[in-house]
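S.K.: Residue-level listing of the chains:
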Amino acid sequence: MVCSWGGYTFIINLIPMHVLLCIVTGRYSSRLYVAYAPLVVLGTLLAALVPVVGFNAVLTSEHFASFLVFIILHVVALVYYIKGLLTPRLFKVAMTFVLTVGLALCLAVVAILAALVASSPTKGWSGRSLSLLDPTYASKYIPIIASVSEHQPPTWPSYFMAINVLAFLVPAGIISCFLPLSDASSFLVLYLVTSVYFSGVMVRLMLVLAPAVCILSGIALSEAFNVLTRSMKFQRPISDDTLPTAGDSTPGSSSTATITTSTKNANIKKEKMGTISKERSSKKSRKETELVGSSPVRPEKEEKLCVLPSEASAMGILFLIMLCGLYVIHCVWAAAEAYSAPSIVLTSRSHDGLHVYDDFRESYAWLRHNTEVDDKVASWWDYGYQTTAMANRTVIVDNNTWNNTHIATVGTAMSSPEKGAWEIFNSLDVKYVLVVFGGLIGYPSDDINKFLWMVRIGGGEFPHIKEQDYLRDGNYRVDAQGTPTMLNCLMYKLCYYRFAETDGKGFDRARRYEIGRKHFKLTHFEEVFTTQHWMVRIYKLKPQKNRVRGKLKLKLKSSSKTSLMRKGAGKKNPWQ
Amino acid sequence: DIFIPVVENAGSEPVSKVLLAFPNIQAKNLAAIRAFGTEGKVKGLSSVLPIEVVEPSGVPPELTFFSASLHKPLQKGKILHLDVLTVFTHFLQPFPEEITQADSQLVVFQDSSHYLSPYPVKVQTLSIRLPGGRVESYTKYGNTKLVDSELKYGPYEDVPPFSYNPIIVHFENNNPFAVAKELIREIEISHWGNVQITEHYNIVHGGARLKGEFSRLDYQSRPYARGVSSFRHLIARLPARAHSIYYRDEIGNISTSHLWSDSKKTQLEIEPRFPLFGGWQTTFTIGYGLPLQDFVFSADGKRFLNITFGSPMEEILIEKLIVKVVLPEGSKDIDVSAPFPTNQWQEVKYSHLDIAGRPVLVLEKPDVIPEHNLHFQVYYKFNNISLLIEPMMLITGFFLLFVACIAYMHTDMSISKNSPSYLAKLQWDEVQATVQQIQGIFHQCLAVHDKLETSLHDLSRTGDAKSCKAARKAADAQFKELAKELKPLLLSVQSSPQSYQIWPKLDDLVAKERELQDKLMARHATVVDSVEKKQRGQDIENRISSQQQKIAALRQEVESLLEYLSEI
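In order, the protein sequences belong to chains A and B. The first sequence begins at 1 in full-length UniProt numbering and counts up by one. The second sequence begins at 1 in full-length UniProt numbering and counts up by one.
Because the hints were derived from the structure by calculation, they are not lab data. Please note: incorrect hints may appear among the correct ones.
[Unchecked claim] Result set (BS3-like, lysine-lysine): computed pairs, CA atoms no more than 30 Å apart in a straight line:
no., chain 1, residue 1, chain 2, residue 2
1, B, K451, A, K233
2, B, K332, B, K320
3, B, K534, B, K505
4, B, K469, A, K540
Remember, it's a predicted structure, so these values are computed and weren't measured experimentally.
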């Protein structure tokens with residue numbers, strides 16, 4: 001998992017938490033030791049083999065919990081071992097001795113660790129983890145994490161959309177896990193609680209929530225079916241069974257039994273939960289006794305009570321089946337509409353049928369076939385992986401955000417005036433600049449609407465980009481009220497180059513107003529391709545000689561191109 | 001695409017061959033040459049003459065000669081009408097070589113106004129049909145006329161052999177210069193009833209290169225004025241019953257295509273992802289299936305595929321065409337007959353479930369033009385039984401898998417028959433079997449208990465003490481019998497070393513059950529006694545109430561013990 005996703009830190013913290021819980025609640029067993037100790041050792045070794053993790057696997061605080069629990073586990077194992085060797089009295093003496101020494105040692109180690117951790121500014125936690133622990137952290141300090149829409153907290157509808165019926169089944173599942181809390185069910189509860197919290201912080205961690213929710217609602221469903229079918233199956237024999245014993249004594253007791261069943265009938269729902277738990281508890285406890293192999297089984301009187309009237313249980317089964325069926329329909333619909341619709345091909349339905357906006361692929365295909373193989377393309381990082389995969393060209397920034405200096409560089413270039421941007425791009429050996437523009441067809445998630453993040457991320461690394469310069473009354477505006485810096489920056493120019501000529505006014509359909517600066521020329525860039533709906537515009541950097549003036553002209557003409565590049569980069573590098 | 005009609009006459013002696021000469025520069029780009037001969041003055045049926053390259057002695061090396069062999073030698077003084085059709089590629093040079101989006105494309109045509117002939121020519125004219133539009137310039141000689149879009153040179157009389165009189169025409173030509181750098185056509189025959197054709201195109205606009213900006217604004221607002229040299233779409237004429245047509249490239253389906261079909265043809269209009277300007281290129285793949293019976297026939301014990309060679313695209317020049325005919329696995333004696341020379345070799349292609357691989361016949365030909373779109377035949381031998389090989393392989397594979405599963409389930413895979421764990425397992429199985437038997441006995445006991453209960457119940461209703469006693473007796477007998485059965489089983493469990501887990505439980509169970517039996521019998525006896533003594537119901541209740549509770553508790557315990565055992 002370490003290879004695929006940074007979310008592995010969730011797992012390597014969840015498992016120690018569970019182990020710790022087991023130890024604290026006195027559920028330590030050799031199985032726990034065997035399961036956990038090799039996991040930590042092997043897992044850390046393997047994780048360290050992944051290049052991006054490397055020594056972070058032992059250095060950062062995300063991994064600290066697992067080591068701490070590893071140590072605790074060993075101490076506990078030792079204590080249990082000694083307990084087995086010594087007599088109780090000796091053990092107590094030894095315990096006090098070890099505790100004093102051990103505490104002193106622990107304190108020393110903790111103090112050293114605390115000092116080490118405190119010495120780093122983020123307390124050893126990476127920004128991502130901090131933004132999980134403190135949901136407001138990212139928006140304050142790391143714009144690159146806050147800029148991603150999937151890092152936003154989810155809304156209630158999105159929860160319902162994602163898990164639908166399961167949301168109602170999960171509480172039942174928790175209850176059935178809880179009553180006889182075993183090692184396994186405590187893990188499930190822990191998993192669910194933590195993943196609910198994390199999914200509440202970021203939409204994309206819904207991925208972590210999904211398996212927990214599925215397992216728990218599966219437990220709830222299976223228990224419900226178990227109870228219902230069982231009560232249908234045993235309806236007859238048990239009524240026969242109860243009659244003689246009751247009839248033996250008085251007819252009164254049997255009538256009370258019927259009363260209880262009728263009350264059950266009244267609130268099936270509640271009863272179902274109860275029966276589930278009872279059933280669960282009996283099973284669980286039996287299993288435990290089996291495992292431990294100690295005391296004889298305790299008789300459980302409730303067992304006979306969890307019988308529902310057959311009509312009610314039949315209704316319940318039908319209801320559950322219907323619920324499951326509806327959920328399947330919902331899942332298929334969600335998979336078709338929400339999860340598989342590619343965001344790269346946009347469609348719109350109008351009265352004359354489906355209209356396809358395939359502009360992204362149009363531009364990527366153009367780049368793929370009509371540029372040199374080693375040309376480099378600069379775009380905002382959202383399009384990095386797409387460009388790499390579909391256009392087969394090197395990009396300057398892509399969706400990998402482990403290091404954001406280069407993203408900030410591109411953000412700076414995009415928010416600089418044309419000349420400065422040209423210098424930055426030229427020093428990065430960029431040939432083409434790609435911008436996404438939704439103004440013509442009203443596509444809202446285009447680069448102008450993402451521009452605030454370019455400014456923030458760029459400004460975070462390069463202080464000469466100041467957000468205030470782009471803001472008018474706290475808003476990013478590109479209409480007549482926009483600030484001169486805004487209307488002069490590269491992003492504005494590349495997006496709106498010759499846009500006003502389409503309708504004469506320059507009405508931006510994505511933002512629903514007329515743009516501020518309508519007629520301008522590009523001096524350092526030239527348009528090389530624009531897609532059918534203008535969604536993607538590709539510009540090429542004009543060659544160097546255009547910016548050389550006056551005296552330099554003669555000198556530079558004779559010198560070679562590489563030296564020119566070096567000169568250009570070294571002379572005025574805005575971010576060094 | 002220049003069309004040269006030539007009419008020649010003959011000399012003094014009977015000749016059987018006519019030489020046609022072209023400069024090497026042109027001959028290099030010669031895509032097709034065809035000659036039709038008609039003897040006599042009257043225009044009759046013309047016949048195609050076979051043509052071959054020859055190298056006669058004593059001619060300049062800069063010329064390439066083709067010789068058309070006549071069907072019968074031409075007698076002295078007779079006249080032969082010879083029509084020669086030649087098709088050249090890359091004959092028109094764009095000039096200027098780079099144009100902007102707004103410019104229209106100008107091309108240069110260079111040739112000789114005199115027909116380059118190894119024979120003396122009496123009368124000759126040259127007419128050049130231009131595509132219309134502006135004519136920038138042309139070489140002017142005495143008798144040159146430009147009428148509409150036709151340029152005429154001549155007539156020239158008594159031109160000596162090998163005379164050359166260069167002309168240059170510079171004119172506007174906005175026809176799409178679609179050039180396929182490479183086209184790979186894969187024709188895959190499946191005798192299940194389908195011929196699948198996949199064509200991989202690599203298309204480039206071969207005209208004047210685009211210079212400077214491409215402005216979508218200009219292209220959209222004035223498409224004919226701005227961007228006249230570009231082309232947006234290509235039309236492919238597919239056979240009538242083509243089905244499952246797709247049009248895609250490396251990054252997925254391309255949604256801009258239209259399809260019309262009627263009984264004679266299927267017309268596919270495809271639009272590349274972007275309009276092609278000079279020098280721009282793109283790649284895409286189209287594929288379609290054809291019904292087998294329309295294209296594969298059998299004759300003389302052989303089957304043959306009869307299908308067109310070139311691309312179904314209209315107006316396209318293919319610089320390198322590779323046709324791969326993938327025959328079904330097991331085809332033999334492969335033979336091809338093509339209407340023109342091609343490079344041929346064979347490959348093997350592996351597809352799903354292939355063992356020997358499918359034989360692939362590859363034909364390669366440079367500079368293919370629509371005139372080459374002729375039928376060619378591939379002959380091969382194929383046995384229909386071979387069709388069943390792959391399904392049979394699957395069936396046997398699955399069959400063997402299941403057989404293996406069955407065998408695995410039924411064999412004892414343990415390595416050592418004496419190892420303690422193996423022995424323990426055997427013993428454990430034994431214990432389990434006996435425990436099951438014991439369970440059965442206890443269930444019988446419980447059933448007897450139930451019988452006793454019901455007899456009591458009946459007693460309270462009917463007051464028939466006799467039947468009740470009889471029931472008790474019967475139960476007693478049954479209990480004894482069951483106890484007898486139980487004894488050896490219990491002994492065997494006890495003796496087994498694997499029973500240490502179960503034994504305490506079992507022991508417990510036996511004791512509890514014994515107690516329960518006693519209690520039940522005692523209660524039964526008291527109840528029956530009191531009924532016989534005609535005591536009041538209340539008194540009976542009081543007497544047995546303590547017993548009642550114990551019995552209930554015992555029964556509960558016994559049942560839970562039994563359930564525990566059954567879970568093992």
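S.K.: Look at each hint and say if it fits the structure.
M.R.: Right, here's what the structure says about each hint:
1. K451(B) x K233(A): holds, 22 Å
2. K332(B) x K320(B): holds, 28 Å
3. K534(B) x K505(B): violated, 42 Å
4. K469(B) x K540(A): Not OK: K469(B) and K540(A) at ~110 Å, beyond 30 Å, violated.
The structure is inconsistent with the numbered hints 3, 4, although it conforms to all the rest.
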